[in-house]
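Chemist: Sequence:
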Amino acid sequence: GRPTVEELKGTTRLYLDEQPLVKGIISAKQAHERLIAEVYDNEAHGGLILEGGSISLLKCMVQSSYWSNDFRWRIIRHKLPD
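Note that my numbering numbers the sequence shown so that position 3 is 3, with each residue one more than the last.
Read the hints as simulated data drawn from the structure, not as lab findings.
Ideal Cβ positions, reconstructed from N, Cα and C, are used throughout, including at glycine.
Keep in mind that the hints are not guaranteed to be accurate.
Once the Cα atoms are required to be at most 30 Å apart in a straight line, the calculated BS3-like pairs of lysine-lysine come out as [what the hints assert, rightly or not]:
no.	residue 1	residue 2
1	Lys59	Lys29
2	Lys79	Lys9
3	Lys23	Lys59
4	Lys79	Lys59
Label pairs and their calculated CB-CB ranges [said to hold, decoys possible]:
no.	residue 1	residue 2	range
5	Asn69	Arg2	17 to 23 Å
6	Val39	Lys9	19 to 25 Å
7	Gln19	Arg72	27 to 33 Å
8	Lys29	Pro81	31 to 37 Å
9	His45	Ile75	20 to 26 Å
10	Leu8	Ser64	28 to 34 Å
11	Thr12	Arg72	27 to 33 Å
12	Ile55	Tyr15	16 to 22 Å
13	Lys23	Ile55	18 to 24 Å
Taking the hints into account, I'd like the entire structure generated from these sequences.
Modeler: Spelled out as structure tokens, the structure:
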């Protein structure tokens, strides 16, 4: 489930796009390029967790050779309460 306040201490939330939705959405290709840049820029700080993400972004990631080496995929499905 959602991390506790204690678990979030020391974490930084990064956004791939800062503009409001009313101005349009970022394309999957742009999001993918920005994600790669964030991973590269934050490499020294340890792991990153991709929270959310569109099917289009995940599709770009799967099709990209960038993620083929030195990365570990872990998918966790959370059951939502009724």
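Chemist: Next step is simple, just say for each hint if it's right about the structure.
Modeler: Cross-check of the supplied hints:
1. Lys59 with Lys29: Answer holds: Lys59 to Lys29 is near 10 Å, not above 30 Å.
2. Lys79 with Lys9: Holds, because 25 Å separates the two Cα atoms, which is no more than 30 Å.
3. Lys23 with Lys59: 24 Å, holds
4. Lys79 with Lys59: Given that 30 Å is the threshold and the Cα spacing comes to 23 Å, the pair holds.
5. Asn69 with Arg2: 17 to 23 Å: 32 Å, violated
6. Val39 with Lys9: 19 to 25 Å: 22 Å, holds
7. Gln19 with Arg72: 27 to 33 Å: Because 31 Å falls inside the window, the suggested range holds.
8. Lys29 with Pro81: 31 to 37 Å: 35 Å, holds
9. His45 with Ile75: 20 to 26 Å: Once the Cβ atoms are compared, 23 Å apart, the range 20 to 26 Å for Ile75 and His45 holds.
10. Leu8 with Ser64: 28 to 34 Å: 29 Å, holds
11. Thr12 with Arg72: 27 to 33 Å: The hinted range 27 to 33 Å is violated for Thr12 and Arg72, with Cβ atoms some 21 Å apart.
12. Ile55 with Tyr15: 16 to 22 Å: Distance hint for Ile55, Tyr15 holds at roughly 19 Å.
13. Lys23 with Ile55: 18 to 24 Å: 22 Å, holds
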